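Participant: Chains as they are written, first to last, in the numbering used here: chain A, 689 to 1031; chain B, -3 to 331.
If you are wondering where the hints come from, they were derived from the structure by calculation, not from laboratory data. Please note that a few of the clues may not be correct.
[Unchecked claim] Now the in silico label distances, taken between C-beta atoms and shown as ranges: (1) B/D255 to A/S726: 52 to 62 Å; (2) B/F46 to A/G738: 29 to 39 Å; (3) B/D193 to A/C701: 19 to 29 Å; (4) A/P808 to B/D79: 48 to 58 Å; (5) B/P88 to A/A842: 52 to 62 Å; (6) A/L896 to B/G66: 45 to 55 Å; (7) B/F46 to A/A903: 26 to 36 Å; (8) B/R209 to A/H809: 22 to 32 Å; (9) A/R978 to B/A227: 54 to 64 Å; (10) A/S726 to B/K47: 26 to 36 Å; (11) A/T843 to B/P88: 54 to 64 Å.
[To be verified] Where chain A lies over chain B, by a calculated footprint (3+ residues, C-beta under 8 Å): (12) 89 to 103; (13) 122 to 130.
[As the list claims (entries may be wrong)] Here are the simulated SDA-like cross-link-like pairs (lysine to any residue), alpha carbons at most 20 Å apart as the crow flies: (14) B/K87 to A/A1004; (15) B/K220 to A/M863; (16) B/K32 to B/K47; (17) B/K220 to B/N201; (18) B/K85 to B/Y63; (19) B/K220 to A/P808; (20) B/K87 to A/P722; (21) B/K220 to A/T865; (22) B/K220 to A/P722; (23) B/K70 to B/N201; (24) B/K47 to B/K70; (25) B/K220 to A/R872; (26) B/K220 to A/F861; (27) B/K220 to A/L920.
All figures in this text were calculated on a predicted structure; none of them were measured in a lab. All C-beta atoms, glycine included, are put in the ideal place defined by N, C-alpha and C.
Residue-level listing of the chains:
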Amino acid sequence: MRPLTPRRIAGICGVLFALLFVVVVISLRMGTYPISVSEIVMTLFRGAFGHRDEIPSEFWLVVFGLRLPRIALGILVGAALSVAGAGFQALLRNPLADPYVLGVSSGAALGAILSLTFAPHVPGVIQLAAFIGAAATIASVYFLGRRGGQLDSATLLLAGIVAASFLSAMIMFLMTTLSGHELRGMAFWLMGDLSTPPPTPNVLEWLLFLFGVFAVAAGMIYATTSDLNLILTGEEEARHLGVNVRRVKLVVYISASVLTGLAVSVSGSIGYVGLLVPHVMRMIFGTDYRLLIPTSAIGGAIAIVLADTLARTVVAPTELPVGAMTALAGAPVFIYLMRRRVR
Amino acid sequence: MFISAVAAIGAVLPMAATLSASTARVHKASQIVTVKQVTDETGRAVLVPFKVNRIVSLAPNITETIYALGLESKLAGDTDYCDTPAAAKLKPHVGSMLNPSLEAIVALHPDLVLAAANSANRRETVDALARLGVAVYATDSRTVRGMFESITHISSLAGAAQQGTALVARLQARIDALQTRLAERPLVHVLFVVWEDPLITIGQNTFIADALRWSGAESVVIAKQDWPQLALEEVVRLEPEYIVFTGSHSGSSAAQMSDLRSRPMWKGLRAVELGHVVNISEEIDRPAPGLIDAIEELAHKLHPDAFPGENTSAMNHAPADIRIDVGEEGKSCAH
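Chain B with its partners taken away, still in its complex shape:
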């Protein structure tokens, strides 16, 4: 049934392109397949079936969003890197994000492929699939608000607009509560470490830079490039109050701390001396619902006094090992 639906859409593509109407109705083999034309987040026109039953996700954040919307039964396949939630690893894979197998995608008979343009996926992949007549909707979440819009778009494409509205409302409420807590508090100046050697940090237009602002923080580095490489000398000059690592580096904040202390270049930094080193979930770089957990986690670590007596509730969201209070350990070592 899916094969014939795809066949019908494939047949209507050249026809629909010449139609000025935004909706095309096709009769094929006594079956009516209806597609609608939508504009995706990169401005491309896409013909999407009204009823989407088989989705292929080309990015971990999209896979996570689909699960958060409760639409996992419609997820026909995802990438090798889709690991959140763990069940996503069991779905059929189509390869990596940058170079997935177009054949593997076609073989899954998707009626909609969801891509993350400009972040996980390459525009070439999106174009190649579109040229083959596959419906590809490219999301382009560059900010937290953009992520909310993407959730809304994905849910309405998949016929689950209500779940989408509800999910966005829940996430928005948490962000709002956080902003109330952090109101009047000055932004903490942080160095966000994307990679240690060579030292690579974030530019001001990245998704992470936006997420940091919602956590009550701001990157000390002002760069138009997305992933600028930095000399350590520049870090000394910029005097970040905190240094932020993500989970992929060396596990817990405590381990991170002792590791930095053992290095002659890093241990002299003021933030390291003060023990102002935090390690947060990698979700901070994923425009998906889990991002809000990461933002809350970072806000708790950078503004502990904004959450009096609430440390336990914050622990619900993240693994225990990154909950160790480095601030205290730092002090005891420094003196």
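Next comes chain A alone, as it looks inside the complex:
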């Protein structure tokens, strides 16, 4: 195998970015509102240069109001979940680990359900409550999952699974005892859905904020990737080579959890992507985390944008939750790739 130079990483990412761009264009074109590619280009061009009044208002609504924000949110969520999944798989040394394995999504869901019950319809509260729920779960699992003063993969995994099932049980309890129409939104939330509108009219600022958080957390994981590669060959060896194993694990744990909390707060629990995308990227590009993290980010973005495009169009005009689509499409794709590799 060729050595992994920064140039090779940039080249592979460039190709994936091009693929993402193609998928975004396709997604922009698809939908129940009939709009041609040239009209989309015209709308994007004039919109980007501030000539909003020259665009037919419905084109502006469909492109800038509906499709682009949703695509951007899909890119964010897909990238965050896949990087988090890759991070947890390394941290827990378990190929079955996904972003939700440590209960972060259940904690976020509990926060969301409580906010829907006690403060329905207050903009931003559900996202905030979900993030608080996720953060509380991250902290409790961290304290439960330590052994001898540092994170131990097996203990952490057990603590996370127990926390997840306990929180899920609480969600079930609340869903059956509480009432109110607000809770019907929970079904979409639990399944994962990108159609929920952003909590503020300033969609651009909201997206920039979310991408800012993503960049910080994903950047922290990326900064540890050389150490992570060594840790994966063996913690003892890595320690002898001067890697601060304890710190690397803590950084990966916190960053991956924040990424999961971020994704879950805005879109609910979209399954499969965080589990499958890192594996697919490993099959294609190998196990080096310096390449795996960026390719997972772009691959996850591609996967969610594709899945959401299908979710919007297969039974149009009714929309499916994107989580249903990722689960429906994810499993067969993964099995196909796995079997092909075995052969």
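Given the coordinates of chain A, assemble chain B onto it according to the supplied hints.
Facilitator: Frame of chain A, contents of chain B only:
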């Protein structure tokens, strides 16, 4: 023309928000579009054009109301589930109630979208449309009286206030006549079955609970939840006089009866032994004019002696198969 009207309204939205006056007048492309600010049934402020020509309905009860008002020519689109009257199925659809396609709604160029907040539609859908600058009026009919108010509001928004007043007066007269008939009669205690397995019934704050009271009935279950799940043991304890199913379950009351008799858990219930099982139209759960038919139908079935010699007139409102007298069949089987 509709496109430009929508464009003009879209342009005035940020402006109107800063105006303290409740009416904004806009000049755009030598055309005057006037919008008025109204407060919808959920307390939201909505800018609605004075002249509404294209309505998109997001709920079956709203679609039915629009047809009952004779405004179907203004109905630009409805949902996949709008089936009453049958002609509503031919209108362009915008998807399901819980997750309609916002794009499909925008594509129909509506100047007013009517939603049923807190029942058919989600608040998120209403908010998302409003954020896109679409005029969305959310109805919130929680009672029969609330339904009358919604009819009045919808008709006046659509410029058909007179039709609305007339329709409400007709429906009110029927309800009043029914109440005269049922006066002095004790409420019948019923178990209303929303779903059989698991057994789900209604809470006291639901729309159906209110409709039951107008039919001279009352749910035996007292619950704050809207759709409580019930153990069959609790049904035994509560001893409902009648068990009420809706049309979607298994068709006729007779079929329902024999079905229940075949089940060990249900056949021991007193109401089942007595044949006190009725199956009524699904309209009972739809805040629309057809609800009054369902209320009358249920009243006839639960209080047959309040309508002496009138069974034929009651049959006008519902399909024949749910008119079978289960009471008699029940007796013949029980003995």
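Participant: Run every hint past the structure and note whether it holds.
Facilitator: Now for the hints, and whether the structure bears them out:
Judged by the Cβ atoms, the range 52 to 62 Å given for B/D255 and A/S726 holds: they are separated by roughly 60 Å. With their beta carbons about 32 Å apart, B/F46 and A/G738 fall inside the hinted range of 29 to 39 Å. Distance hint for B/D193 and A/C701: a CB-CB separation of about 53 Å, inconsistent with the stated range 19 to 29 Å. For the pair A/P808 and B/D79, the supplied restraint of 48 to 58 Å is violated, since their beta-carbon distance comes to about 30 Å.
Our hint of 52 to 62 Å for B/P88 and A/A842 holds, since their Cβ atoms are close to 57 Å apart. The hinted range of 45 to 55 Å is satisfied by A/L896 and B/G66, whose Cβ atoms lie roughly 50 Å apart. In this structure the hint that B/F46 and A/A903 lie 26 to 36 Å apart at CB is violated, the actual value being about 49 Å. Checking the proposed 22 to 32 Å range against B/R209 and A/H809 shows it holds: the Cβ atoms sit about 29 Å from each other.
For A/R978 and B/A227, the hinted distance range of 54 to 64 Å is satisfied, since their beta carbons lie about 58 Å from each other. Between A/S726 and B/K47 the beta carbons are some 34 Å apart, a value that agrees with the proposed interval 26 to 36 Å. For the pair A/T843 and B/P88, the supplied restraint of 54 to 64 Å holds, since their beta-carbon distance comes to about 58 Å. Counting residues of the segment 89 to 103 of chain B whose C-beta lies closer than 8 Å to any C-beta of chain A gives 13; at least three are required, and the coverage claim holds.
For the segment 122 to 130 of chain B, the assignment as covered by chain A holds, since 5 residues bring a beta-carbon within under 8 Å of that chain's beta-carbons and 3 suffice. A C-alpha spacing of about 15 Å is found between B/K87 and A/A1004, which places the hinted pair at or below 20 Å, so the restraint holds. Under the criterion of a C-alpha separation no larger than 20 Å, the hint pairing B/K220 with A/M863 is consistent with the structure, at around 14 Å. Restraint check for B/K32 and B/K47: the C-alpha separation of about 10 Å stays at or below 20 Å, so the hint holds.
Distance hint between B/K220 and B/N201 is fulfilled; the C-alpha atoms sit about 7 Å from each other, no more than 20 Å. For the proposed pair B/K85 and B/Y63, the alpha carbon gap of about 12 Å is at most 20 Å, so the pair holds. A threshold of 20 Å between alpha carbons decides the hint, and for B/K220 with A/P808 the separation of about 18 Å falls inside it, so the pair holds. At most 20 Å may separate the alpha-carbon atoms for a hinted pair to count; B/K87 and A/P722 meet this at roughly 18 Å.
With a C-alpha separation of about 10 Å, the suggested pairing of B/K220 with A/T865 holds against the 20 Å cut-off. Simply put, B/K220 and A/P722 have alpha-carbon atoms about 46 Å apart, too far for the 20 Å limit, and the pair is violated. Annotation: proposed proximity of B/K70 to B/N201 is violated, straight-line Cα distance about 33 Å (limit 20 Å). Of the supplied pair hints, the one linking B/K47 and B/K70 holds, its CA atoms being roughly 11 Å apart against a limit of 20 Å.
Taking the CA atoms of B/K220 and A/R872, the gap is about 17 Å. The hint holds against a cut of 20 Å. Only pairs whose Cα atoms come within 20 Å are accepted, and B/K220 paired with A/F861 is accepted, the gap being roughly 16 Å. As the CA atoms of B/K220 and A/L920 are separated by approximately 54 Å, the hinted pair breaks the 20 Å bound.
Hints 3, 4, 7, 22, 23, 27, counting from the list given before, are not met by this structure.
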